[in-house]
Structure formats: C-alpha cells, structure tokens
Amino acid sequence: MPNWNDEIRRRLAEVRLSAADEANVTEELHQHLDDRYHDLRAKGASHEVARRAALEELGEDGFLDVRMRGAIRRAPEPVPIGAREGRGVAGVWGDLRFGARMLRRAPGFTVTAALTIALGIGANTTIFSILNALLLRPLPGTVRSNELVLLGRTQQGQGFDTFSYPDFLDYRAGSRTLSAVVATTVIPAHVSTGGASERVRAELVTGDYFATLGTHASLGRLLIAADADDGAPPVAVLSHGAWQSRFGADRTIVGRNVRINGAPYTVVGVAEERFNGVRLSGVVDVFLPMTTAMALLPDAGGMRDQRGAVWLNLFGRLAPRSSLAQAQAELSTIATALATRFPETNKGRGLRVSPGLGLEPSTRGDIAKFMTILVGVVGLVLLIACANVANLLLARGSARARELAVRASLGASRSRLVRQLLAEGFLLAVLGGAAGFALGVWSLRLALRLPVFANSFGALAVGIDPRVVTFGAAAMVLSGLLFALPPAFRTSRVDLVTALKLGTPGSGDIRSRLRGGLVVAQLALSLVLLVAAGLFVRTLQALYRIEPGFDTGRVLVATVDPGMQGYDEARMTRLFEEFQQRVRAVPGVERAAMGFIVPLGGGGWDSRVYPFDVKPTPDDPGIKSDINAVFPGYFETLGMRLLNGRDFTAGDRPGGPAVAVVNEALAEELWPGGNALGQRFRLGRGGNEVLEVVGVVRTARYRSLVEPPRPFLYRPFSQAFRASMTMHVRVASGDPYVVLPAVRRALDEIDRDLPLSRVQTLEQRLSESVGAQRTAATLVGTYGLLALVLAAVGLYGSMAYSVSRRTREMGVRMALGAHTSDVRRHVLLQALRIAALGVVIGLIAAVPATRFVRSQLVGVEPDDPVTLTGVIAVLVAAAVAAAYVPARRATRVDPVVALRSE
Amino acid sequence: MLADELKKGTTPMLILSLLEAEQRHGYELSKLLEQRTQGVVRVHAASLYPLLYRLERQRLIEGRWVEKPGERRRRFYRLTAEGKRQLDAQRKSWLEFARAIGHVAGVEYA
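Those protein sequences? They're chains A and B, same order as listed. Heads up: the first sequence at position 523 corresponds to 523 in the working numbering, and the numbers run straight through without jumps. Heads up: the second sequence at position 88 corresponds to 88 in the working numbering, and the numbers run straight through without jumps.
Simulated from the structure, these hints should not be mistaken for laboratory data. Think of the CB as a built atom: it goes at the ideal place given N, C-alpha and C, for glycine as much as any other residue. All the given hints hold, so there is nothing to weed out.
Residues of chain A clear of chain B, computed beta-carbon distances all greater than 10 Å:
no.	residue
1	V111
2	I187
3	H240
4	S281
5	R341
6	G673
In silico DSS-like pairs for lysine-lysine, Cα to Cα no more than 27 Å straight-line:
no.	chain 1	residue 1	chain 2	residue 2
7	B	K31	A	K43
8	B	K92	B	K31
9	B	K31	B	K84
10	A	K347	A	K615
11	A	K43	B	K68
12	B	K68	B	K31
Simulated coverage check for chain B against chain A, where a stretch passes if three residues somewhere in it have a Cβ under 8 Å from a Cβ of chain A:
no.	region
13	40-46
14	53-64
15	70-83
Sequences are here, hints too, so could you generate the full structure?
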C-alpha cells in the first residue's frame, strides 16, 4: 500500500501548521486516501489507477494549502485573499505589512534589489548635493538672496571684470535701483598675534558689506559704516573658520590686537558660521574695512584715485520694487555718462548686472555645463539600476505566478494585485532610498576630494539641506514607480489556466521578452556611459601627452611676499637676490631663480604690444601679450630652450637699456618671418615703453595646457619690479620636496617673519591644471563601471533565470544527443545576441549623448574609434562573463532529472 | 455555472444534515455525500477537511479521535447544539428559497 505521508506533508508545508495540527491533519488525510485506495482496489482497479485516484483527492498543487490556511490557523494572512477587498488607509497598511513579510521571506532578493537602488540613488544624491551647493542654493549667511546682484565691468560689451575705486563711487552715488552698492577685493595678507606670521586671505570691504548681505555675528560685532570712515581706528572681523582653526575658537579674541601685514588691528567680532565671504571659489579668513586697509596695498594712493586701476569686485542689493532689468538700464546709463566724461579711461566700458552672488556668470556657465554632464551620467546610472530591479521583480513575478493566480481565482481583482505588488515596490524604494541617501552623503566626501572641487571650492560647505532631502525623496519615489510599475502590471496579468497548471512556462513566456528588453536597455545605457568615460580618459591621455615647454618633474615653486611686510623696493630686491644665492647653495639644488608668474597657475599678467614704428592711440588694442618678470637663470631652471640670443644678466640694470626675451609666438606676430633678435617694440597702453629683444625662447603653455600659442615676453626683474616673487628650485634628482626645509631655512635666516606660500611642484600644478578633466574622468569612469557591473549582474540574473526555467528543454536536447558544448554555445549565443542588441542600440544612443561632453574633450573626437572599440570589447567581455556561469550550469542538467521535473 | 455555485454554498448544510443522526468520520461523509446526491456533489479530501475544520472552528460541529479495538483510530465528527440550531435555520431558509424559486420558475417542489 502506498505511503501518502510525504506527499501530504509537501502539500501542507506552505501552511505552516503547528506540529500537533500537522500530525493530526496528516493522519486524517492519510486515512482518507487509504480508504479511497482500498475501495477502488476492492472494485477491481489496478494499483496504479487506485493510487492516482487517491492522490487526486488532494486536488491540484497549491489547492490544499490555500484551503487549509483560513480553515485552521488562528491568525490567518492579514491580507484578504480575495473576497474582502481592503480599501483606504487600512487596505494600504495591510498591503505594506504583507509586502514587508514577502520581502523578509526573500532576503537575498530584497538585499540585491535595495542595494541596486541604493547605488543609483546614492550617486544622484552626491551629484545633486554638489550641484545644489554650487548653483542652486542662495549664498550661505545672506538674507533675501534673490535681491542680491553681482556687477561686472564689460569692455566693448565683453567680459565681467573689476572696477576702479572712482568708478565704484560714481555708480554708488548714481544708482537708485540698488539700495546698496558694495565693493570688495581679496588680498593675501600676513597675520600675526605675536608669534610667527601666517598667510591668510583678507577681504577688504566697504562699511555696508555685512549690513547689505544681512549676515549675523557669532561673536562680538561685524563691520559697520563708521569703521570705514577716514581716521577710524583699524578693526577686523574674523571668519568663523579662521577663528576656529587659527585662534582656537578663543572667545576672548574680541578686543584683542593682531598685526596684519605689520599694522595693528583690533578684532571686534567673528562672522556667523556659514558665512565664508561672497566668493564660492575661496573662503575668507579676515574682513577689513577698505579705507583703513588700503594702506596695506602697494601703491595705495594710485589704487584709490586712478580710474585706470581696476581692482574692485562690486555687488549690490536691488531696492524695493526695482527689477534686474531696471537696474541694468540705469547702471548702463551711468556707464555711458562716465565713458563720455572720462574717455581716456572709460571708453568702451560698460556694466553688466548678474543675479546672485558667489560665482561670476562665465564660471557659473562653465560649472553648469560640467554639472549637466554629471547629472546626466548619474541619471543614467539610476535608470540602469531601475531596469535591473524591474528585471528582478519580473523574475520574481514569474516565480510567484501560481500564488497570484490562486489569489485571482479566489476573486482578487487585478487592481488589487497591482496594488499589492506596488506596495512591495514602494517598500523596496524606501529601503534602497534610505541606504542610497546614506551612501550618497558618504561618497560626497570622497567626491569633494576630487581636484576640481578640492582646488577651486576647497571650503565649499556642501551639506545636506532640505533641498537635498527633497531631491532624495523625489528620486526615491520616481525610481520606485519606474521599477515597480511595469512589472506589477505585467505580473498581475494572470493567465489562470496556464499558471495553475502543473509545470512551468517555457521560454516563450511574454515576461521573458520584457526581461530581455530590460537587459538590452541596461547594456545600451551602460555603453553610453562607458563611451563617455572612455572619452574622458582619452582626453586625459591627450593632455598628458602635451609638451608644456618646460620641465615639471624636478621643479619646486614657493612664493615670497615681502611687500606685505613693509619692505621697500630696494630692500625687497636685496632680499630676493640674497634668497636666490642661499637657495643655490643648498645641497641637492641644481638651479634656482625667481619669477613673478608661475606657469599653469590659471592666471597671468598681460599688456599690449606694438611694433616700434607704430605710435598707437589709447584705443589701439595692439597685440595682447603675457608678461613675466624674471631673474637671470630662470630659463635654465625651468629647462626652457633659448632658441636665439641670450638670457638676462646682471648687466641688465635698472635705468639701462630696456630689454626683453620674447617667445616665438610673439616674434612671429611682430616680425612675421623675420629675425626678432635686436629688434625693438613698444609696450603698454599708448606704447610709451620701448624694449629691445635680446633673446627668443620656444613657445610654451603658460596659462593652460590647451591654449593656442600665446604671445609671451619676459623682462628682467631689475627693470620690471614686482613686490611678490616665486622661487623656482630645480633639484638634481629625486623628489623636489626634499630641499624644502633647507629652502625655508634659507628664508628664515634672512627674515623670520616672512612665510613661504603656495609651495608646490610644477608637476602638481600641471596636474591641477587638468583637474576638471581628471575629475570628469574619475567620476564618469566610476559611474560607468558601476553601470557596467549593474548591467552585467542584470544579464547574469536574466540568463541564470532563463536557464533554470528551461531545465527541461536543456534536458530534452541532451537526451536527444546534444553535446554539452552545443548547449553551452546555445546559452552563450543567446547572451551574445542580447549584448549585440545592447551594443547597437547603445551606439545609436551614444552619438547624440556624447555631443554633450564634446565641450570638455581635448584631442579626441566623440566618435573616437579607439574608445568605441575598447568599450564594445569591454561590454561583450562582461556579457560573456555574465553568461558563462549559467551556460555551464545548463550543461550540468541531468536529462533524467530534467524530464522528471514535469 | 449555477450548479457549481449552488454546490459551494450548500455543502456545509449537507454535512451538518449528515451529522444530525449520528457521528461520522470524514471518509464516510464524502462517500455518503456522493451516494445520496447521486454523484452530483463530490467533495475531494482537499476541500472536505478544510471545511470540517472551519465548521469546527465555528463551533457547529465537534471532532474527536475514537479508538476501536482492532482498528486504527479515526476522527469522528458530531453536531453541536449550535450546529443543530444553524442547521434548522438553514433548512428553513432553504425551503423558503426553493419554494420561491418554484413559484417563479415554475419548478415543482418535490
């Protein structure tokens, strides 16, 4: 007689009865089946017929377990299976509770899906936080920020430059549309509280600076209008950051004296914590009233009185009921009036009003372009993550088809099933969203270490504010809908007859087509990202291949600013010469020379140049050329090749014949095709200075690696005095930093109070100058790889699932004589078909997508064949790797087992 | 199908009536149901036992294990007082319903 117990227990396993109940029920059913079997045998049925008929008493698979649930368990499933439809809040709550239980029952699935979503949302949170801090939120520490406007000077309608002090006074006096016009400038300064002096960033501001911004003090008071009166006692306000880091958050600092560039100042207060000045590009350590602090500037009188000296940044606040357009119109009128009154200096000058503080319009535009790319990249990552989770949900939906069919057969409506599935999706989105938010906040710290953020916005307070939280929540909801809605509708379309039948649907299942489509989409999207990443990496390669025109590896640079320490010109000259001699004597130093401009620092010093035989008018723009003031030995120290003529010597004296070394680019502009050596040219507005060319050097890259050949001329320091010079030290071999202590000591021996600042190797400078490209390559590369991994996991999951569902088919194939290699090839080919489709669609999508990155590329075209081939190879390799394990599994199918599974 | 719906709704009443006279075990109930309805109502074990457990939970019937010498123990079900009341009420409404149907549909009630 057959033993029914195993079969009965199997059917009851899902009901999860208590042990006693299960024993009783099993015994009772067992007897029932026995009785049935014996009756049929007694009527003459064969063993097999009787056995099968008895088993039929248990109904179809899944039937007994559903019936048994409500009948015996004291606490039935919280969600009504069909008859009662939960509605309203209670219904949703029930859905959520049931969803939570389903997710708990499948921890592997839940963790994978939540992690995938977390990666997508994390990437988006990181990038959005940066975007928010740079472009969206108002400047921290200001009130009614929408009224604040930045003013910039235009020349022939172009640019956004600084103003002269007299112009500032005229704009301020003339404007009615702005309730305040404020002038500021940032200078490096030396601060000491008795001990060694430190180099800080000081912002010189007019008296209404803080009042206009609406900034609060965290200690003492801020600057007021009276502090800016002539003859007012010199006072200073510290930034919160400087107070903490440089003054140990000492609360007794208020009222104390500090020396700034050797002059005594009284600290009257500390600004509020969030406020770091009005420039996002750099934090300010100390705020000083402009009038008293102007004495700190070299040539203070000229700075104050000359309309030609442009050095002030202006901002203002719109008066009540004034618009940006009105302010623009009014200030333009004033600019025109000034140009008429002072044509010598103001001709062609205009004024542009730009909303918001923090960034100049052009910088804002550059950042917007850069961030657009990053937003696009992380958007794609999130899409891929969503496709991946949708795929997981679909696969799970197939596995749950029978459960859903039973619900449907018991009367659950389709909307009911969709709601249930959406509740599960919502829970996954919340889980993934929360984890993603945490991940995003964490990876934000890593991202902020990338060169472009660390160098340009070092102290940018990128934090979590309501905007970021709102964004995170929106991303969560959106991705939840994206990944949960399609599978919910797909899965809830239950075909009762097929689903309730024994056995499993084959590969022609409509769900598997949707799944394949999702995998193709993932592969296509990650191809787009990989192409973008590849292009940035190729850009970096191209940049590093560019020959800058000087040696970078063995040169250390460090700046000395004796002008701030009250030195006069003669003393400074002696200091620089003595410092050079001492550094040249340091063991390990091969050569050393000072120069004013350090290459690849981003900025420069330029002027106009004219041929000697032209007597230019003030309007004549001439040839724009960069200038540097250098000591003899500079070219050798940097390894710049002198093509012709000589280096400067001690013989080039002040008051002697004015000499210059020009680069090829300037020589070619002034004397096309001719010999520059010994020629003379005019320098400066009006061309009043005449210089003779004593040498020609090869054209190098000065401000940026990617600039076109830039005209450049060098003057001997002795004939072009500068108050701040940078020592260039070339070591014989090894790490240039090794000689830094000795260089520092050499300066200390001359003047203990002089700090060395901006210490770097030229290699570091070169690297910083391509910071934007490095950042882009790092971020896009990282996210591209992340996308590839997600897509590969998606493909793996899809193939593994497909193989497991087709176990029987594989078994039949092998039973009919298919070789293992045939089956393996079959599975791999299927994966390759999907990958090929993904590649084709991805390539089609990449063409328009890479147009967005074109502006950031150097030396490589968006359709770069190396990048495209490489990326396709990587993607196909990933696809094969993802399909290999399922393919091997397919060949291990035992035909007997496979056929029995029917 | 009308017949299916009717069967679903009436099986509990049929079981209660079969238990009215004496206590019976599950297999006996299923056989009696089939015989007395001439095979119209046929209940599988998979439906019968959950139904019995449900009726038991509603305290309409009571099951207990009975051991007889020489036989395996069996679970017998008997009607409770509450079950009897429920059965009478159902019979009454069923009769009224059947009469009403008879008047409208012109089916003679036997």
